[in-house]
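Q: One-letter residues, chain by chain:
There are 2 protein chains.
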Amino acid sequence: MRIQIKDIYTIQPDLSIKKCDIYISGGYILGVNSKPDGFMASKIINGHNKLLMPGLVNAHTHTYMNVFRNCADDLPFAEWLFDRIDPMEAKLTPEDGYWGAMLACMEMLSTGTTCFLDMHMFRNQIAQAVYDSGIRAVLSRGLVGEGQNEGGKMRLCDAFEEMARWRECSRLSFMLGPHAVYTCDEEYLNVVAESAKNCGVGIHVHLSESVDEVENCRKKYGVSPVKLLERSGCFDGRTVAAHCVNLSEEDMEILKAHNVSVASCPKSNAKLGNGAADIPALLDKGINVCIGTDSAASNNSLNMFSEMNAMAMYHKCLRRDPTAVSADTVYRMATINGADALGVKAGMVSPGMLADLVILDLDRPQLHPLGDMTAALSYSVNGSEVETVLVNGDVVYHKGEFANIDSERVYYEVDKIAGRIR
Amino acid sequence: MRIQIKDIYTIQPDLSIKKCDIYISGGYILGVNSKPDGFMASKIINGHNKLLMPGLVNAHTHTYMNVFRNCADDLPFAEWLFDRIDPMEAKLTPEDGYWGAMLACMEMLSTGTTCFLDMHMFRNQIAQAVYDSGIRAVLSRGLVGEGQNEGGKMRLCDAFEEMARWRECSRLSFMLGPHAVYTCDEEYLNVVAESAKNCGVGIHVHLSESVDEVENCRKKYGVSPVKLLERSGCFDGRTVAAHCVNLSEEDMEILKAHNVSVASCPKSNAKLGNGAADIPALLDKGINVCIGTDSAASNNSLNMFSEMNAMAMYHKCLRRDPTAVSADTVYRMATINGADALGVKAGMVSPGMLADLVILDLDRPQLHPLGDMTAALSYSVNGSEVETVLVNGDVVYHKGEFANIDSERVYYEVDKIAGRIR
Chain A
19 MRIQIKDIYT IQPDLSIKKC DIYISGGYIL GVNSKPDGFM ASKIINGHNK
69 LLMPGLVNAH THTYMNVFRN CADDLPFAEW LFDRIDPMEA KLTPEDGYWG
119 AMLACMEMLS TGTTCFLDMH MFRNQIAQAV YDSGIRAVLS RGLVGEGQNE
169 GGKMRLCDAF EEMARWRECS RLSFMLGPHA VYTCDEEYLN VVAESAKNCG
219 VGIHVHLSES VDEVENCRKK YGVSPVKLLE RSGCFDGRTV AAHCVNLSEE
269 DMEILKAHNV SVASCPKSNA KLGNGAADIP ALLDKGINVC IGTDSAASNN
319 SLNMFSEMNA MAMYHKCLRR DPTAVSADTV YRMATINGAD ALGVKAGMVS
369 PGMLADLVIL DLDRPQLHPL GDMTAALSYS VNGSEVETVL VNGDVVYHKG
419 EFANIDSERV YYEVDKIAGR IR
Chain B
19 MRIQIKDIYT IQPDLSIKKC DIYISGGYIL GVNSKPDGFM ASKIINGHNK
69 LLMPGLVNAH THTYMNVFRN CADDLPFAEW LFDRIDPMEA KLTPEDGYWG
119 AMLACMEMLS TGTTCFLDMH MFRNQIAQAV YDSGIRAVLS RGLVGEGQNE
169 GGKMRLCDAF EEMARWRECS RLSFMLGPHA VYTCDEEYLN VVAESAKNCG
219 VGIHVHLSES VDEVENCRKK YGVSPVKLLE RSGCFDGRTV AAHCVNLSEE
269 DMEILKAHNV SVASCPKSNA KLGNGAADIP ALLDKGINVC IGTDSAASNN
319 SLNMFSEMNA MAMYHKCLRR DPTAVSADTV YRMATINGAD ALGVKAGMVS
369 PGMLADLVIL DLDRPQLHPL GDMTAALSYS VNGSEVETVL VNGDVVYHKG
419 EFANIDSERV YYEVDKIAGR IR
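Chain order of the listed sequences is A and B.
Numbering-wise (the numbering used here), the first sequence opens with residue 19 and increments by one.
Numbering-wise (the numbering used here), the second sequence opens with residue 19 and increments by one.
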């Protein structure tokens, strides 16, 4: 489909606002205010009183866990995980994973997220949900293992099978997902890092989420989790490290030296009692910080606008400094920084970028008067202003309706799953 | 109008969920699952797949300041106030105050708030906006003054005139609003407290918002702001104290002894760099804590669901404790605690309570699977699930439309004001 979006307020790469005409074809933005030769739109979207922005990038989540929403809250971490989440997870079938992921795709699309980085435990179902829903994703089969044991090898094999099976879907790409230093031993981390190098894919890992993780790693290996991942080779290629709540100065230097991107999940870290990453310090070091929602089991929403608000506010609060993390910074974290971290050519409205775009309705009480646009997006919106979402140049969501998803069917299935596993 | 809401999931006073039939007439809930004798509904609302809850109570805001949205962000406090807000405020006409308040009423109603406590600087316009919009409010003309000087007397006179003029509107009640200990001297605080006693109205005051406020008060008076307000008589009747970020143990004891309600504004306190009130400690003392958004100049939204999320999350984050402030607690703060603080017979779905009610659409991705209801309301919703809002037994909002407000007119006026004052 060749789409022209007419006369729409558009966030420019320098964050200024300009009324633009946008020309889209073949999945990409072909022109901004400059009609490509011979372009003939098959669809025109009227931009009156709308805002065009790049789709948000959710840089760390577990979509299948959407079936765990609102059933384990306000609990100490160990009780949350071992008494509540783990027993439910043990009951999940691969098909359950598909429906959880479909629900997550609905939630993300309807609140302006067009791409996400996922860690999961299935062979095929999350990729199928991405394929079916029309969203874009980078998937990583979660890898847990010790040395050369069979379980670890088998999971790695699953990851490769997933990559092979879905190699022709342009909206899907992959990373390897060593779960964390407390679920993978050093030998297995070496194997995973070597495999990632051989295949030319990145690494997606949980890192320094809790104080316990760091202390136990130091006890077992004599080094921090960051140092362990570095020496195992996990930082040699593209790496996205989720959480990074508990870092030393040296840890931060290592992350910077290896261009590791940090996917910070402020609401999940807060809700599980882990505190907050020191985002102002990471920014000072020049580290690429992006934003993740984590899963609905620990958030309990995948609304990136809400997460942007949290990202800005928590650090102003913690530091008692209104300048700690600005609206402009948060906007970049949720768009271009996320896209860069994932290796996806998106995150800006600019010719040559993927047409992963979000149109917001500006005629809402919370957007009058409009004022500064990144402030509006970080502090005033709640995600419900999202009217139309394009992924890969196709309209996948419009005014509550999904082009490729039957909402009723998804609700029916996830409610049934919840009834069974809880 | 006599309304029956049929077969709707309803949050009970004990926070359990039950399907109910609700009978409403004359502004009040007449029956829950028990039809009053001779009741004949003139309107029936079908509750299929909906949730009924009490309307949220925004316990501290400045509605006229909605015209300042998104124009002074990420700035140090002094620059924010003296260089940005004050110069704009000096340009406001009373009519501007009306349109700002109308916009605020739209924003609040559409996100489930049915009642608010306001501090303003106008004689008549905020009350007019409340009257026109159909919302419920407790208004307090902001009082600033020294001793027996003319300005302070005049403002007190304005406050009484406002009370007199609107005495017949049952949706409006009043408090006196001594602004803060740094804008009212002790003699004036005495006068205001005496006046409040004479009229039988409560006091609404900013209290211990910043470290500077506390330090300057100690320098000038030798006591904390809490102690100063106590000795001036401001705590002798019903009192709502906004912020309370910087309190000593003794301060908390004083607030408890006088049944002062604390209206905590987590997002405003964070955004202006003031930090956060020690809510877990206030709760331990048994102090009535409710929630306010503060104004759009420092938030920048009046969405109480977003504020509920902030209230729970900030304290989990600050204390690294997932149990610090629970979803149940936050729900109570935003409903019954707020209503109690304001002296409004609302905040629960129960016979005899005012019919200030909110109906949420449960068929949203973020509400599947549903799970624990207060967790859903505190952690998953964003406010856009609000489908129908009743105030005083009348439907004032339904699916984006306001019964008594012309949105286009309000947007036009506030945008014009913003253009003029910025």
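None of these hints come from the bench; they were simulated from the model.
One or more hints might be untrue.
Put simply, identical chains are the same to the list, so a pair is met inside one copy or across any two.
As the list claims (entries may be wrong) - When the alpha-carbon atoms are kept at most 27 Å apart in a straight line, the in silico DSS-like pairs for lysine-lysine are as follows:
#	residue 1	residue 2
1	K434	K36
2	K238	K417
3	K61	K245
4	K24	K274
5	K36	K215
6	K274	K238
7	K363	K24
8	K434	K245
9	K434	K171
10	K238	K109
11	K303	K417
12	K61	K215
13	K238	K36
14	K434	K24
15	K274	K53
16	K215	K363
17	K417	K237
18	K237	K61
19	K434	K37
20	K245	K37
Q: All hints are to be evaluated individually against the structure, with a verdict given for each.
A: A quick look at each hint next to the structure:
no.	hint	verdict
1	K434 x K36	between (47 Å within a copy, 20 Å between copies)
2	K238 x K417	neither (53 Å within a copy, 57 Å between copies)
3	K61 x K245	neither (52 Å within a copy, 67 Å between copies)
4	K24 x K274	neither (41 Å within a copy, 59 Å between copies)
5	K36 x K215	neither (42 Å within a copy, 56 Å between copies)
6	K274 x K238	within (25 Å within a copy, 49 Å between copies)
7	K363 x K24	within (23 Å within a copy, 51 Å between copies)
8	K434 x K245	neither (44 Å within a copy, 57 Å between copies)
9	K434 x K171	neither (33 Å within a copy, 65 Å between copies)
10	K238 x K109	neither (32 Å within a copy, 65 Å between copies)
11	K303 x K417	neither (41 Å within a copy, 47 Å between copies)
12	K61 x K215	neither (43 Å within a copy, 67 Å between copies)
13	K238 x K36	neither (55 Å within a copy, 51 Å between copies)
14	K434 x K24	between (43 Å within a copy, 25 Å between copies)
15	K274 x K53	neither (40 Å within a copy, 67 Å between copies)
16	K215 x K363	within (21 Å within a copy, 66 Å between copies)
17	K417 x K237	neither (53 Å within a copy, 57 Å between copies)
18	K237 x K61	neither (61 Å within a copy, 68 Å between copies)
19	K434 x K37	between (46 Å within a copy, 20 Å between copies)
20	K245 x K37	neither (48 Å within a copy, 55 Å between copies)
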